[in-house]
Each structure stands twice: as C-alpha cells, then as structure tokens.
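Participant: Protein sequence lines correspond, in order, to chains A, B, C and D.
Under the working numbering, the first residue of the first sequence carries the number 20, and numbering increases by one thereafter.
Under the working numbering, the first residue of the second sequence carries the number 1075, and numbering increases by one thereafter.
Under the working numbering, the first residue of the third sequence carries the number 181, and numbering increases by one thereafter.
Under the working numbering, the first residue of the fourth sequence carries the number 356, and numbering increases by one thereafter.
Keep in mind that the hints were calculated from the coordinates and are not lab data.
Please note: incorrect hints may appear among the correct ones.
What the hints assert, rightly or not - Straight-line Cα separation of at most 16 Å, EDC-like style, residue types lysine to aspartate or glutamate; simulated pairs: (1) C:Lys621 - C:Asp541; (2) D:Lys824 - D:Asp667; (3) C:Lys247 - D:Asp667; (4) C:Lys286 - D:Asp667; (5) C:Lys331 - D:Asp780.
Stated by the list, open to error - Derived contacts from chain D toward chain C, CB cut-off under 7 Å, selection only: (6) Tyr671; (7) Ile747; (8) Pro754; (9) Ile757; (10) Leu759; (11) Thr779; (12) Val810; (13) Pro812; (14) Asn816; (15) Asn820; (16) Asn828.
This structure is a prediction, so every number in the text was calculated from the model and none was measured.
Where is the CB? At the ideal position from N, CA and C, for every residue including glycine.
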Amino acid sequence: MFWLFLIGSIGLVLIGIFGLITRSHLIKLLLSLNILETGINLTMIVLGYQNGGKVPIIHSLLDLTKPINFVDPLPQALVLTSIVIGLGTTALALILIVNYYYKTGKLSLERSENEKENIDE
Amino acid sequence: MIFLILLKAFLITLWVVFIGLLFLGIGRKITARIQKRYGPPFYQQFIDVIKLLAKESIWHHWIMILGAIMALGGLIATALHVPIAGILPYDSNGPIFLVLYLSAIGYLGMAMGVSASGNPNAPLGIGRALTLMLGYEIPFAAVLIIFMGLTKSSYFLQIAQSQAGGILHWNFIRYPLAFIGAEIAVQAMMAEKPFDQMIAPAEIASGPLVEWPGKFLGLGMIQMGVSVFIETAIITNLFLGPSHNILDFTLKQFGIYFIALCINAVMPRFKIENAAIYLWTIPLGLGLLQMLITFVL
Amino acid sequence: MITFGTIVILGILISLIIWLFFRENKVISWILFILYTGFSFVLLLRLYGQWQYYEAFKSIIYLGNIKIKFTLQNNMLGWIFAILIFGISFFNGLFSLGFSKSKYSKNIVPLWTLILSASILILFAKDFILFFVGWEYLTWPVFFIVNQGKKKFYSDSMYYFALNVLGGMALMLGIWLVFKNTQTLDIKTSISILLSHKASIHTFWLLIPFFIAFLVKSAAYPFHVWAPRAHSSAPADFSPFISGIMIKFGIFGILLFIYPLLSKGFIPGTYHGVPTTAYFLSWLGIITSIVATVLAFSENNMKRLMAYSSVANVGYILTAIFLTTPLGIEGGIFHTINHMIFKVIIFITLAAVYFRTGTADMSKLGGIAYKMPITFMTFLIGIIAAAGIFPMNGFTSKWIIFQAILEKHFYLMAVAMFFASTGAFLYLYRALHSIFLGQIKPEHRDSVKEVPFLMQIPMWIGMILIISIGVFPGLVLKPLIPFFNSIGLPAKYILTSLSKLPGSFGQLNTLNAAIIFGFAAVLVTILFFVVAKHHKKPFMDNYTAGEDPKDWGVDENRYQFAYGFYQPFEKKFLPFFKRSVDMFWQYFGFYTKHLGEWFNNIFKDDNNFGYIAIIGIVIIFIFGGFVL
Amino acid sequence: MNSIVLLIVLPLVFAFLIPIFKGLGKYASKIVTILSMLTGMGFAVYFFITLQVPVKAILGGWKPPFGIVLVGDKLSLLFVMIIYILAFLNLFFFDNNFKEHSKFYTLYNIAIAGTAGMILTGDIFNMFVFIEITGIALYSLIAYSGKEQALKGSIKYLIIGSMTSLFLLLGVTLAYHILGSLNLAHISSKFYQIPNNLKFLILSLIFTSFFVEAEIFPFNMWVPNAYKGANIPIAALLAGIVSIAAGYLLFRFRYLYGGMRSFGNMLVWFGVITVVIGEFSAYFTYDLRKILAFSSIGQMGLILIAAGISNDLSVYGGFFQILSHSIAKMLLFLLAGFIIYEAGTENVKKMGGFGKNHPYLTGIFLIGALSLAGIPGLMGFWGKFNIVGGGIAAGRILPISIVLLAAIAESVYLIRVVFHLFKTDEGKIIEKKKIPLGYLMVVILLSLTIVVIGVYPQLLNQVLNDATKIIMNSGSYIRMVLG
C-alpha cells in the first residue's frame, strides 16, 4: 500500500516535470506545476502515514498506558499549508497569464519582434 | 695632458684624412685600369677636395650645415677610437661598441643634412642606405662578437694583440668563415658594388649627396675617405694580426681595400631588399657558423 | 613629517578638489598639479639615505584571521623611481600648462594626480595588498585619460584596459598563491620564506601570474598590443607619462618580486649560470624588441612609432634584468632611468608638434624643424639617445647591457639585440625625416611657430640631462651605489668616477670619448667656416634647377618623401609580424563577444526556462552520484 | 526576548494598514510604508546593538524541537538591519514611469516581511512559507509595471520558483521522515545519521530553491526579463534586498548541513558557471538594465563560490560580498532609473551627454561600477579579494582562475557603461532634467557608504569576523536553539 502510494506520487511528480519540460503553453505549464504539487503533497502524506495507524486524537476510548500506533499528524498539517500556498500561487499565475494574454495575444513565452536589441556596433 | 691628447688627435686626424683620400684616389686609378681606362692621377682626390672646399656654395637651412658637420665630425671621432697600429689619442684601447655607435652619428648627420636639403631623391638614397645598414651591421656584429668572446674584451687593441706570433695566428687564417663574412659586410659598408644601392647613379641621381653643393660635397668626400679608412682599419685590426708600425698597418688596410675594389669593378648591383636578404643569409650564416664552430664545438 | 601619507592623501584631495571645482578651469588645475608634484618631489628628496624610514597605518585590518598593518617602507629602488616620476611629472605639468590651452586638450589633471598618489603605494608598499591597491589605481584612471570620452579612441583604450585588467587579476591570483605557500602577505618576508622552501618545478607556476601582471604592464611581447594604441589615442601631453613612467612599473615589479626569487634559484635548472626560466624570459625581451622594431618600420603615426620604440626599449631592459646578474640589473635599471628621460622628452616634442600642427600622421608633416628649431634639437638629441648613439645617455646604459650579455657569453643574444638596436636607428631616422625635415607643407609654412617658453623648459632640462648623463653616467649610477651593494654587484662594476663606464669586457671613459668627439666636431666646424663662403637659398631653387615644378605637372607643395619609407623592407617582412599577435588579440575579443552572445541567447529564448532548470537539477543529482 | 518577532510582524501589520489609510491622501500609503520601514529599522538597529548573546523567540509556547522558533544572532540581525535600511532608502527611488499605488506599498511591505522572516526563522517549514510569501509578493511586484517583459519574467519566476519550492518541500519531507524534526538546529544535530548520498539529495532539493532566489545559473532564466521589465525600485529590491536573504540562506545551510566536500565542490562549480555566464552575457549586451541584471547574476555566483569554499577567509569575503553587492547594485539601479529617464532610452550607447549634464551623478555611478568590479578602496574590493584568497587557500585554483578571467569581462562592461555616459562626441545631447533632492541624498549616502567602508574596512571588521565565527560554528547555534 505504502509503495503503491509512493510510486503513484513519484509518477505524478515525473508527469509534472515532463509537462514542465515539454510544454510551452502557459496554462499547460501551470497544470503541470499543479500535478507536480499534488505529487509532492501525496509523497508527504505517504511518508507520514503509518500502516494501520490511528487518527492522532486523544479521546477517552484510548488506553494511554499502551503504546498507540498514531499516524503522524504534522505532514498533514504541512500539506494543508502547502495546498493553500499552491492555491494562492495558481491564482496569481492565472492572473498573470491572463494579463500576458491581453498584453500580447499569445499564450506562450515566445520572443517577440519588437523587443529586439540594438547591440552591434 | 689634455693638450697632448688633442695634439695626438689632430695629427691622427690629418693622417686619417690623408690616407682616406689617398685610398680613394688610388682606388679610382685601379678601377680605371681594371676597366681598361687610363684613369685620373692618384692625387686627383686631393685636388677635387680642395677645389670643392674653395667653391662658394649655397645652403637652405642651418640643419644642413649641422648635418654636414655631424657627419664628418662623427666619423673622425670614430676614427680616433680605432687603433692604428696600436696608436690611439688616449688609452681607450679602441672600444668596439663605441666605434659602432659613434659611426652611426656620422651616418645620422649625413642623413639629416641631406634630408634638410629638401630634395626628395636624397631621403630615397638614405632609406636605401639605412636598409642596407640593417643588412650589414648584423653579420658584422656577429663577427665582432666572436672575437670579443674569444679575447674576453671589447677592445680592438686586445683583439689585434691576441693574434701575435706569426701569420698563422692571424684571425683570417684561424677563422676563415668569419673573415669571409666580415669581408662581404665591409663591402656593403663601403657601399661598393654589389651593394652600392644608396648611390645608384643610374637610378636615383647619385643618391644622398644629390643636393650637396660645393664645400658640403668636399666635406662629404673627406667623410667618404674617413669611412673607408675606418672600415679597412677595423678589418685590419680584427683579422690581419698586430701591426708593428703604421706603414705595415696601412699596407694591410690597402690590401683589404684592394679586394673590395676588385669586387666592385666587376660586379652588378643587387636590388635593395635582395641585398639585405643576401647579407642576412650568406655573411650572417657564415658568422653564426663560425660562432657555432668556435664556441659550441 | 609624514612623507608618503602626505603625498598620497594630498594627491587624492587635490584630485577631488580639481574634479569638483576646477574641472573646467585648466590653468588652475595644472598649477595645482605642478605645485603638488613639485612639493612631493621636495618631500621625497629629503628621504635619500633614510632607508630605514617607514610609515605605518595606525589601525589593523583583518582579512578573515589575517591581521595586516599597512606599512610604507622607504627603499632605494622605490625612491629613485618616485623621484623620477614626480620630477618628470613636474616638468610634464609645466609643458601641459601651456599645452592645455589648445583645442586638442582635455582636462586630465584629476585622474593623473590620482595615478601619482597610487604610484607611491606601489613603490613603497611593504605588503602585497597596498601594492595591489596602487596597481589597480594605476590601471583604471588611464582608461578615461586615453579615450577622453571620445568614441574614436574607445577601442584603443579598451585594448589597454582589458589587457591591464588581465594583469591586475593575475596579480591578485599570484598574491594569494604566494599567501597560500607562505602564510604572509609581506613582500620581503614572503620572498625569504619562498626561498627557504625546497625549490621544485612546481614553483614555476607560482610565478606565472606575476609574469603576466608585470609583462602586461611593461608591454612586453605577447601583450605589447596595447602600447601603440594607448599612446596614439592618449592626449599628446599624457603619452610621455605612459611611455616614460607607466610601463616602468612592470619593470619595478619584476625587480621587486621576481628578480630576488629567480636570482636565488627559486626555480631549479640553470643554463650557463642563469636560471633557465630567466634565460627564456631574456629571449622574450629580445623578441619584444625585435618585433617592436620591425613593426615600427611601417608605422605612419608618430606616436605609435615612438610607442613601438618604447616597447623595444622595454625589451632591452627585460633582457638585461632577466640575465639575473648584478651587472644585468645595473644595466637594466640604468636603461630604465635613461629611457624614462629620453622617451619623455621625445614624446614632449611630439606633443609640441601636435600642439602646433594638430596632426600625428607623419605623412602629413615635414619640415617642421625650420619653424620649431628648439623642438627639433630636443627631438634630435632624444632620438640619438634612443638609438643608443654615443654622447647621449642611451648609449651608456646600452653599453652596460651589452657588457652584461657578453659577461654571460650569450653571443647569439647579443647579435639579436644588435639587430633591434640598429633597427631602432632606421625608424628613428624615419621619424626625424618625416616630421622635421624635408619640405614643409604649405599649410604649415605660416601657421607653425616655436612653442612658448613655458613649454620649452622641459625640453631644455631634458637636453641637458640627456647629454650630461651621457657624458657623466656617474650622475645616475653613483647615488645608486647603496642599491648595487645590496644586490651584490662586484666592486669592479661599481662606478668609481663620474665618467668611467664599467663593463665585464672592458671599461670606457666617457669623458675622454666626449672630449675627442667635441674635438672632432670643433675641428670640422672650423674647417667648414674657414673655407669658402656660403649663402642661403630657398629650397626650390636648387633641386628643381630653377624651374617651376608646375611646368612638369608636379605640385611643388607636396613632394615630401615620407610614406612607405622602407617599402622594400616592409614588403618582404611585415605580413608575418603584423598577423601573429594583433590578430590573436583581435580574435580573442571577437570570440569572447560571441561567447557572450551565445550565453545571452540562452536567456533570450523564452520557452526553454523550464527544461534548463530541470537539467540543472539533474546535473546536481549527477554531482551527487545518484543518476550515475 | 520575544520581540524579534516584531521585525516580521511590523511590516505585515503596516502592509494591511495601507488599504485602510490610502484614502487619506495621495502620499498616504507611501508615508505609511516609510513609517513601517523606519520603525522596523529602528527595532532592527536596537536589537543589533543591544543584543549581545543570541536570542530565540519561541512562538506558540512550544519548546524548540517542536514549535516554531525565531533565532536572532548577531549575523541574522545584521542582515535584517541592512535589509530594513536598504528597503527604507529604496523608497526614495526615481522612476518616472511609476504611478504611486497603495497596492505596490502593500506588496513591498509583505516582501520585506518575507525576507526578514527567511533570515530569522529557525524552522525549515516556516522558511518554506516565508519563501513563498516573499515569492508571491515579488511575482506580483515584478508584474506590477504591466510590461510584456515584466509579465514574462514574473511568469517564469513564478513557475520556476513554485517548482523549486516544491522540491524544497520534498527535501523537508524527506528530512522530516528520517529525522522526525523540522527545526533547523535539531535536524543539523542529527544530520550525521543520514547516509551521505541521501544527505546530498536532501540538500540538493533544498538548495535548488535558494538557487532561484540567488539567481544561480540554470534557475535564473527569469532574471533578465524581470530586471528589464520591472519598475526600477523593484529591480533594486530584487538586487539589493532579496539577494541578501538568499546569500544568508546559502551560507547558513552550507554550514549547518553541508560539511561534505563534494557538496562544496558542487556549489563552487555552479557558482563558476553562473559567474561565467552572467559576466559574459553582460559583456555582450548594451541594455543598461540587462547589464545590471547579468552583473547581479555574476555577483551572486561569486557569493555561491564563497559559500562553497569552506574556510573563514571566503566566508568573511562572502559576507562582505553580499553587503557590497547589495549596496552597490541598489545604488546603480537607483541611478539607472534617473539615467534612463533623462536619456529616454535603455541603450547604453545612446546615453552620451549624460556625463556632461550630471558629472557628479556619473561620478557616483563610476564609484558603484568600480566597487562591483572590485577596485580597491571601494567596498567591493574586500569581498572579491577575500573570496579569491579563500578559494586559493582551499586549493581551488582552477575555478578561481576562471572567475578571475570572467572578472575581466566584468570590469570591461562596467567601465564601458561609464564611458558611454561620459562620452562627449555624440551628436545628440540629451536634455538636462532636475534631480529630486531626497533621491540625491540617498544616492550620495549609498556611495559614501561604499567609499568609507572601502577605505576603512575596520568598521565592518569586527562585525563580520563575529559573523564568520557564528556561521562556521554550527555547534553553538544548535546548543543555543535546543538548550
């Protein structure tokens, strides 16, 4: 189960990287980034997960005298933060891309003709 | 003391001028005879000089006069540093570098004088003369340096004295390659054929002296005599052993000059760049070969 | 009285004051410059003999754990250089005061003052850091002086700047390499520690940065390309400084750091008693002088020609110094000083010509001597000295250099040097003829006249110095005796009287020779004036045989033979020399630029940023050994 | 002393006060920002002077290995102080194309808070958050001018930045998975337990994120676009302030975790590649902003080299380099703003005549340029000189030689700019414009700093020597945080 998750999440990371390398369309780049992010978040969860672990909440039904196999709660908290940040970034990126589209009429970062430099003597 | 030096210097100067002009006169005669002409009398050169000096002459600028004076003065000063059978005005022993560099002041003076005359043909001749000078100075220096190295001194006198003890000790027998190299270099130094590009009568209206009238030309003629004297004296000191008296020395000088004349009489003329290259190959090669044989092998 | 500190700080202050307030006022700024140099000259003069004198900064500087207390230590070599630098700058300032009124001149005083105060740091620094500080301040201000903010001079000044920055960087590398091996930044201490190490062939690499730094500054062979360019572009009154003083700092550096190491066998292997490395560097000096001489033959710009002459003279000096014998050092230092004097004088006369005519092309000049006799005489004496002909100072030092070469029995080297020396005569005569003699151009006939007296002062001083040092070489060599003793010059090579030139293969009494020369000159003069009368005639009357050249379709105004003076010679020899080195540096710049373009294109292509970053990450992993 | 948290909180508070006050007047938001920076600066200076021993601020009441902790030692406080000072001075920028907006100032405050947080935090995940905060503020700021170049740069920066902070997150996760902690000191104390190659992986993942901020080569594709398109104050912010934080992180992490020589080697070679590419690219271009941008890349590469070489000389030089670079580069960008405004072009070749109009301003530009080129007597010299010395002392002669060769190109293009400013024989003389007083004061202040510290480096000697000791002695840091 652990390995399946791990392989799956690494697969997502690789897909994201593949997208980042090969695409020039900005929206697709952003999607790849999100896939990458999901992959990494998943990795974090997987690494924090214990097989057969319990929810790390102390309540009256638990016998605190015995060792309890809790799932580590911290990665999940971290992932939550990460997701929020990712959301913010994505939103900002979309705004930028929209602006860029209005400005240039393009959705990829091609070199435009009007910014040629006058270099040669 | 200093008066003694100056007196000696004056007498030597007279001798130098006399011998130089005499050589030139005899040279003209010999050349004529080789070419089956009768030729002028041997004292013709003295007559010419006196006549020219007596002529009223024109000048364009004081630099011309300065040049003429520098030319002759420099060469006379040079001659006074070349030992004549061991005789020198003071105990300088004939420093070689001084002689080489002092003679340059003579050439510079002449060049300056003729440049100041404003005639465009003159610097053409000077340009050739200087190119040629670059050609012959190198093999000549190579030969000089061989003997300096051998005697561990930079004096003509020591080199001459090192050959004491019979004709077999003379340098031209012991170092024949150097002698041939130096001979060719001296041929160029005296501007005899095949190295007479600087005067080149048929090409540039007789070269540097084209614009020198009257007494300038007279000084120029004396200068030519002095330079012939210096060059033959140098070779004599270098190769022809120590001389016991002035007559001995002068005869040896004349021998050198005679060889130069004979070559001069029968040779055509090089183009200037070919002359330089020739001088850098044959005489320099001989000199360096001699150097190799002497110091390395 | 704090001498060095005063000179340095005063220099910086005056530089600032001039730049802030008197930038437009040339007269005041040059007067300040003259006052500054004169004052410093007097201050420095008082230090002769006090070789233990030093000035230390109060506070200590930390570099990491290294503590450094900056100290300026008086020393003989530095002192003699400093005296000459400030003396020459003083007279140069007098000249510039007159020169700067001309329309060709730009105010260069602030930067020049800055350079002068930096030179004190170089000459008296006890540690490498101060030395380096001075070195860098010697470099960059000259860039602005050379180009004067003009576009046409930009590439010339950039040649200068790029090569000298290369030298500076090499120096920085060298300083730290020395530090790594000795754990000290003090120059003298590091030399003794290095010498106490066991010599090995690896030590050679330690010195390479220093070689580069010093050879670049002294414009030696593979790096000489900046010299003619910088000289020709620089303001005419600054060229004397470049040639006379700036390139000598390379020599100073070699004497300061490389000579003590090489002469004590820091690098193993000797050839005829000379360290092998030094022997090859001696040949580098010869190559420098030969290349420069040959290049000078075909040069039409007078300042470039004289710059090549400077390079050639640096070649002699390097040859002499790298013989690493005391006699060689004596000759090298003596020639350095002599060259400082006569080359400054030559460039000052060129500046005077430029001042009056406004051109540096020799083919556009001619006959200037008839209008500027003092300038002409100065130039004549200068080139006689430069050609190493007898009664001038150039001869005396060349004599010692030849003696030093012969002492080591390097006969082939002597022949090669003779070639360069004779060649010098050729191009110097060419300059004399093309600028000063021959026919005068019509546009110069009325407009050109002698420079004002103020500008003549340095010329007179220079003439007197050149001749008096030529006749009495002891004037320079005698005060230097403490230094020669310190490098172990044998007693027979130390000057006993004012006029006896020492030498391994024989001595020369210059005074007697000068008397003989004077006698001959007087004799001929008398002869000339005693015999027949002479009278003056204009030029054209004689060689045209009284005819009007216009009748033959020749313009009489332009019959000056200057261009292609040694054409047969050039045709045979030039292409080879011209190609090899200049082309190398040109291609170097060209390919550097293309490298830059190539890198720039990585950034310009906007689509590749993702994969380049990923490739970067992959490379990191490869570094870590994960993928491979 | 929990109050060092103020250094992060203050600008954040002021940032969100700005929208409230912006209605009060045209300059309200600017004044609020100035207040914010002044108070921040005041606190930073106060802490820097009064705090003799390192302090930690425990947030949320959880003791160090568990909770979030802020660590203020002499070094981090020095850097935060300089960030505040520069951020304050940067407010007197000159940019004619710039319209004053409250949004800009809000983002500016957030960016400062983020950079201060990056330096002060003692928790690795917290650092990730601060990097993201700074990042988001910077993405928006770069795009603020609305130019195509700026948008491009912003998008590139965003994508690379997000990607690498995800890698950072992955590294953090791995470290957490193995060591069970997020505290910098705690991880460092147990870091030896990790096998070497895994260590390398974690460090690489973390450092990629710093590389983006520090403009190291394969991650700096955004730099030319961003510097070219962004408004001048933002370019100055990037070059002057963010680079300080990035440089600090490089050094801090290098000495907390990177004891491996192989890792140092990697840093050195990445630095060398960055220097070479930055300097030669700048050598090729004639666009003033791009020249400064590429020069930034080169300088940051040098800082990375200093971080890679582990001896005290290079660390000392590296800190000097961080400070001198940020001051000089900020100065140059501020000047560039006015030059571009007056010349009406960004092409260096068309700026002839500026030197005639404003000789003193051009002289100040020369000071900045020479300082960057490492001319002695100016601040930049000591950094470069010491890094070279440290590199050679560590036996890394080849990389240092390459860097020195690239430095030739650097000197050439910097002095070339000054030449083109000073050149007089251009046909068109540009029109002279008036310089605002506040701007002029800031420029003079910065250039004076460069000169004074360059001539008298003893002013910083003590501080930077202490800083060097602090950064190289990671044991005391660990003891301080955990104990």
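Participant: Taking the numbered hints from earlier one at a time, note which ones the structure violates and give those numbers from smallest to largest.
Facilitator: Failing hints, ascending: 4, 8, 9, 12 and 16.
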